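**Student:** Just so you know, the protein sequences line up as chains A and B, in that order. In terms of the numbering used here, the first sequence is residues 1 to 402. In terms of the numbering used here, the second sequence is residues 1 to 402.
Treat each hint with caution, since some may be false.
Computed, partial: chain B to chain A, Cβ under 8 Å [stated by the list, open to error]: (1) L5; (2) F45; (3) G61; (4) G129; (5) A140; (6) Q145; (7) D238; (8) R241; (9) L328.
Heads up, simulated DMTMM-like pairs for lysine to aspartate or glutamate below, C-alpha to C-alpha not over 25 Å straight-line [unchecked claim]: (10) K213(A) / D238(A); (11) K253(A) / E311(A); (12) K213(A) / D341(B); (13) K253(A) / D341(B); (14) K213(B) / D238(B); (15) K253(B) / D128(A); (16) K253(A) / E295(A); (17) K213(B) / E324(A).
Calculated directly from the structure, the hints in this document are not laboratory data. Quantities reported herein were computed from a predicted structural model and do not represent experimental measurements. Note that CB positions come from ideal geometry on N, CA and C, so glycine has one too.
There are 2 protein chains.
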Amino acid sequence: MYELLRGLRVVEGSAFIAGPTCGLYLAQLGAEVIRFDNIGGGPDFRRWPLAPSGASLYWEGLNKAKKSVALDLSRPEGRELAQRLATAPGEDGGLFVTNFPADGFLSWSRLAALRADLICVRVMGWADGGPGVDYTINSAVGIPQMTGAADDPRPVNHVLPAWDLLTGAFAAFTLVSALLARRAGAGGREIRIPLSDIAAATLANMGMTAEAKLTGHQRPRMGNDLYGAFGRDFTTRDGARVMLVAITPRQWKGVLEILEIGGAVAALETETGVSFAADEGARFTHRGRLFPLFESAFARRTLAELAPSFEAHGVCWGPYQPLEQAMLDPRLFAGNPVFSDVTHPSGETYPAAGFPATLPQDGRAPVRPAPRLGEHTDAVLAGVLGMSSGEIARLRDAGVVA
Amino acid sequence: MYELLRGLRVVEGSAFIAGPTCGLYLAQLGAEVIRFDNIGGGPDFRRWPLAPSGASLYWEGLNKAKKSVALDLSRPEGRELAQRLATAPGEDGGLFVTNFPADGFLSWSRLAALRADLICVRVMGWADGGPGVDYTINSAVGIPQMTGAADDPRPVNHVLPAWDLLTGAFAAFTLVSALLARRAGAGGREIRIPLSDIAAATLANMGMTAEAKLTGHQRPRMGNDLYGAFGRDFTTRDGARVMLVAITPRQWKGVLEILEIGGAVAALETETGVSFAADEGARFTHRGRLFPLFESAFARRTLAELAPSFEAHGVCWGPYQPLEQAMLDPRLFAGNPVFSDVTHPSGETYPAAGFPATLPQDGRAPVRPAPRLGEHTDAVLAGVLGMSSGEIARLRDAGVVA
């Protein structure tokens with residue numbers, strides 16, 4: 001646990017991935033992050049995968065290092081408590097992350113009436129407030145139709161909720177940026193981050209919309225071929241599959257040398273009149289001629305023969321390995337100081353990730369697990385809202401908090 | 001263009017996607033972002049897609065709103081200029097984003113000797129400094145083997161460089177967080193963000209590693225089925241394909257009503273003894289029985305019949321549409337205030353994305369295009385490094401800058 005954001009108090013009223021990862025990153029940098037949920041759990045509280053106990057491994061992964069408050073959000077008293085939490089006083093409070101509707105009881109106008117300098121980061125599906133999630137936004141921008149083997153016309157959804165994850169990190173960025181501005185006297189504001197705008201802007205930022213405009217159509221699907229340079233999956237003599245990438249001239253020359261296909265490639269250059277070293281695009285254009293040379297070179301070598309030469313020559317490659325094998329890989333999980341064994345609310349003990357950046361000058365503190373639902377209800381109502389134990393007991397008895 | 005980060009000066013020495021998107025987001029929030037590149041362009045300067053002029057649509061998309069300085073980084077004088085830029089004085093300077101090697105001429109120790117309170121955000125491939133890019137990290141954590149149709153064993157790479165994009169937004173978050181800490185007296189620091197740690201931590205945060213540990217294997221591939229709840233692609237009578245998702249009870253009930261399959265689903269509940277409304281996981285477990293009911297309901301209706309009912313009932317769905325069609329969709333591109341027409345360095349005029357969040361209280365300024373390579377060399381050397389025009393002319397004549 002690093003401490004760059006120590007002293008900040010962030011309230012999170014969100015579910016699923018984007019809002020919760022925003023809160024997670026903030027908490028892992030030392031902010032106090034208070035997540036409130038409906039009594040019994042929000043819509044993500046039973047999200048798969050589940051532990052044998054029935055607890056959600058997803059929920060306890062995404063809510064590590066946070067505090068949990070449980071409120072009955074179906075009742076006016078519970079909703080008022082949520083509003084008061086989001087807008088509670090304190091110089092480095094007034095930071096709220098949510099995916100609740102823009103026009104509901106956690107709307108900007110209701111919250112700003114309680115705290116004018118509030119910073120409210122609101123994750124949305126569609127920009128107009130319509131329901132959209134990673135899968136439905138992704139299909140609407142064309143990615144699944146660009147994904148997968150060229151010989152199979154079926155669209156392929158990504159299994160990584162990439163838009164959610166990008167939105168979550170982006171939300172954390174906008175929140176701390178708005179705090180910087182607030183400290184400079186800029187006041188509070190709402191920041192709306194629709195997945196739909198994140199997706200549309202991202203495709204445009206990478207030149208994909210300009211390309212579609214110029215060509216009249218989106219990029220065709222091409223399996224695992226890397227677009228515009230050299231890259232694809234290849235299979236070794238012993239059946240191992242590896243992803244090989246050569247974008248820079250150095251990467252290209254290194255791999256030709258190790259695979260001993262420099263002569264054949266030079267002959268192809270003479271025939272086609274291009275320089276593959278100088279023109280990464282030529283490697284893509286002529287990949288139909290290049291790939292067979294690589295395929296036979298890989299088919300003559302085992303992974304054990306190739307891996308050390310690849311490493312020694314700085315070749316950019318990666319094995320295809322299932323997650324259970326990756327978990328034994330010392331460069332990813334086993335022995336990686338980002339991870340440590342933690343006992344989670346599910347009752348299971350397994351390695352949990354700390355902050356995924358490394359600050360060499362700062363020490364890593366132990367990874368803190370997710371809270372039990374409602375674990376901090378009393379402490380937060382007392383500490384943040386200044387309630388007496390009598391008031392809290394009354395709310396508990398009335399079933400407004402748990 | 002919003003102004004939350006007005007007054008900050010960030011220097012970027014990076015290439016490809018992660019570092020440049022970090023700089024892009026900072027620039028689009030009003031920071032002065034100065035990117036330096038090798039004379040003639042860095043390794044991403046000719047990255048596809050290309051405009052007819054040969055200019056990279058990718059480069060000009062990812063470097064909007066920045067300033068460009070061109071240096072000969074192969075020579076000691078050029079490298080020294082890069083070091084001086086990264087560490088130039090100024091209270092809100094000393095912010096450096098890079099993907100240069102951790103142990104090279106832009107190492108932390110060399111830079112910190114020039115400016116002790118520098119904040120250096122370093123995007124890396126593997127945490128040990130080994131070469132890794134989105135494609136090769138992705139294959140190593142198992143995602144391509146989880147992606148795609150269950151009847152096809154070939155791994156499917158994602159076409160969206162999700163790890164790069166996530167790392168870029170995360171880098172922007174850490175940079176601003178470190179600035180908050182620096183202002184509070186915490187000094188400078190290096191922040192290393194390896195794609196490998198971002199990927200490993202993300203899979204763990206979503207419970208996927210815990211799941212693999214408990215089951216002994218990673219999640220099997222399952223085509224477009226949404227894991228753990230209800231979701232898949234379906235085809236309408238007129239051949240339109242849509243992604244349908246029902247995670248919350250409300251979403252589930254709404255879609256049964258519109259598709260008029262409540263009775264058949266209730267019969268299945270009686271037979272299996274589960275409540276699909278109450279248990280999202282049961283919808284996944286029994287999807288083999290549920291999907292045919294949905295398939296026939298979709299096959300009896302056209303998209304034009306379904307879309308208005310879906311919208312009216314808040315169903316979570318999205319069309320599968322290619323990017324060229326998405327570009328006509330008013331919810332994504334056409335008429336979206338995030339976008340505006342800009343003439344780019346390639347000479348092409350096309351819609352470019354501004355900041356993908358919306359701050360309703362703040363006005364959007366026009367989208368600023370990418371610079372020409374080296375467009376701001378003289379101005380930055382004079383303004384940031386305080387060089388005289390004579391010194392700059394000497395460097396130009398010597399080919400150290402361009």
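**Student:** Tell me, in ascending order, the numbers of any earlier hints that this structure violates.
**Tutor:** Numbers 2, 4, 7, 9, 10, 13 and 14, in rising order.
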